[in-house]
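Peer 1: Residue numbers (numbering that gives the first Met the number 0), protein chains in the order written: chain A, 0 to 335; chain B, 0 to 267.
Hints in this document: simulated from the structure, not taken from any laboratory.
From the three backbone atoms N, C-alpha and C, an ideal C-beta is built for every residue, glycine too.
Treat the hints loosely; a few may be bogus.
Partial chain A-side listing against chain B, Cβ under 10 Å, derived [as the list claims (entries may be wrong)]:
| id | residue |
| --- | --- |
| 1 | Gly71 |
| 2 | Asp111 |
| 3 | Leu112 |
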Amino acid sequence: MTMITADNLVKAFERPVRVDGRFSAVRTLFTRQRQRSVAVDGVSLRIAEGEVVGYLGPNGAGKSTTIKMLTGILVPTSGAATVAGIVPWQDRSANARNIGVVFGQRSQLWWDLPLDESLRLIGKMYDVEPARFRQNRDLLVELLQMESFLATPVRQLSLGQRMRGDLAAAVLYEPPVLFLDEPTVGLDVVAKERMRGFIEEINRTRKTTVLLTTHDLDDVERLCRRILIIDQGRVLFDGATADLKRRYAPHRLLDVTVSGEGAAALRELAQSPPPGVTTNAMDELTGSFEIDPEVVTVAAVIAEFSARAPLVDLAVREPAMDGIIREIYEAREITR
Amino acid sequence: MMARVAPHPTWWAMIRASARKVQIYRTGMAFWLLRSMLELFLIRVVWSAVYGDRESVDLIADDTLLVYLTISAVQVYILPNIIAVEVGERIETGQVATDLIRPFSFLKQMIAIQFGSTLGIAPVLMLVIPAAMLVGSLEWPSAANGVAYLVSFGLAYLVSTLTWLLVGLGGFWVINIGGLRALLSVASGFLSGALIPIWFMPDALRIVVQLLPFQAMTFLPASIFSGQVSGTAIIGPLLVQLAWIAILSWLIGWAWGRAQRKLVIQGG
Chain A
0 MTMITADNLV KAFERPVRVD GRFSAVRTLF TRQRQRSVAV DGVSLRIAEG
50 EVVGYLGPNG AGKSTTIKML TGILVPTSGA ATVAGIVPWQ DRSANARNIG
100 VVFGQRSQLW WDLPLDESLR LIGKMYDVEP ARFRQNRDLL VELLQMESFL
150 ATPVRQLSLG QRMRGDLAAA VLYEPPVLFL DEPTVGLDVV AKERMRGFIE
200 EINRTRKTTV LLTTHDLDDV ERLCRRILII DQGRVLFDGA TADLKRRYAP
250 HRLLDVTVSG EGAAALRELA QSPPPGVTTN AMDELTGSFE IDPEVVTVAA
300 VIAEFSARAP LVDLAVREPA MDGIIREIYE AREITR
Chain B
0 MMARVAPHPT WWAMIRASAR KVQIYRTGMA FWLLRSMLEL FLIRVVWSAV
50 YGDRESVDLI ADDTLLVYLT ISAVQVYILP NIIAVEVGER IETGQVATDL
100 IRPFSFLKQM IAIQFGSTLG IAPVLMLVIP AAMLVGSLEW PSAANGVAYL
150 VSFGLAYLVS TLTWLLVGLG GFWVINIGGL RALLSVASGF LSGALIPIWF
200 MPDALRIVVQ LLPFQAMTFL PASIFSGQVS GTAIIGPLLV QLAWIAILSW
250 LIGWAWGRAQ RKLVIQGG
């Protein structure tokens, strides 16, 4: 079943053009000229029930704006979308019951109230039955280890604690769809890992559909089998994470270490590598190479290297996600 | 479909949460009480001096005026305006995004916050009334005026809530409503008749004042309390207040409809 659809979604913002010169502030106030910027420019997507999809893109690409339309906060300039069969901005209240939202940059909890009080208020708002509420709340407190700070006012919580509270608030009423807008931003390694584990768990046990924006590619590699890359409001890539690597970075990386007498042989290999191989880095006894599998197999390269130099160690790696994403972003940068 | 008889439990939950939030800042409330008492005392001293030995000015008796001014001041303490600050801040910081993902409408949330904050300061308000009798000049109205006053003040409360909610919604167009709010706060002190009774205003100004909602917040109930209006004449001010509630509700609905298309979430 398709949980989230978007067809040619467009959001343009307009603001008055700043007037320069004398009395610029006053003239800006009365100018009729408007500047139009298109944040989302024809995004279409389909997300099935139970999928966890990573929504990536550089800053200002239009990720958050898309999320804000799908959550019903913003009304699109044109285009259509449904979330669990509902047009978000037309029936905000019905949509709200189907979705959980976490904005990493701001909290939905009540700042001055203890966390527990915020959760209770959310339980009331979403008509969670008292027995169900207690059960869900207890489970979340245990899963997210929130016992120690339940009674603390939200404004006194650390970022990691606050984010756990926000995540609990978003899933308390068991929404079938979860929108996570940079849920791990600013968190330390342990806190990030805890968040990822929790999202994985909720997706597995409740079949929750998750749309996740992030700049942390470890989030993506850990959680998302599918990613969407967007820039300047347009979708650049939509497919399996593995496909992205095949398409944008099919090469493999080979690191080798030679014994002392192999230094000369290694230098020679690095200076004129065999066809399909390029040298990335080279030190006295270690070298790092890139292999293009279209030209030569990894096995053949290893065989040739070990025949020509006394190898003591070797490692074959896939290129890292962030390298690939960086390449895609930078390639776009040039066409701007 | 049957109309829901009881309000949604979210109302009460939000009102309670908002009341609790206000009570967190206890020292603020203590200063607030001190300020109110000082003001009530000054009203008595200053206006008694204005009257001097005369018993009435423009046919308004000395003690009627003092009662009017005192009850007006007390009303100003109680009447809501936090809602404009709350709405304005939420728009300015982008926090409004999190309000819009609730199954409970944004306007209702804001009204609940306003009700809650009044409830939160209620214990202190309970102290202001006796204080007003002690340091200020407060005399109880007749039973009929007393009942009419309670109704009128309830309506004034709603007029005030809706007026300031509408001002807050202005934030969707101008982002920072601080200036507008400050201007209107000052204007409302004057235009509501809280500082100078409308009886004393020149005709032209009085007409302007009567065309604005501010008098429905302070002047109308206070004139019932102080006995300037009595008998069947009381129905007039009550109707004016009801009319304002209808007009403001319509304006808010209209503005809210437009605001949603206008919305830009600040800070991403």
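Peer 1: Would you mind marking each hint as holding or not holding in the structure?
Peer 2: How the hints compare with the structure:
{"no.": "1", "hint": "Gly71", "in the structure": "7 Å, holds"}
{"no.": "2", "hint": "Asp111", "in the structure": "4 Å, holds"}
{"no.": "3", "hint": "Leu112", "in the structure": "6 Å, holds"}
Consistency with the previously given hints is maintained throughout, with no hint failing.
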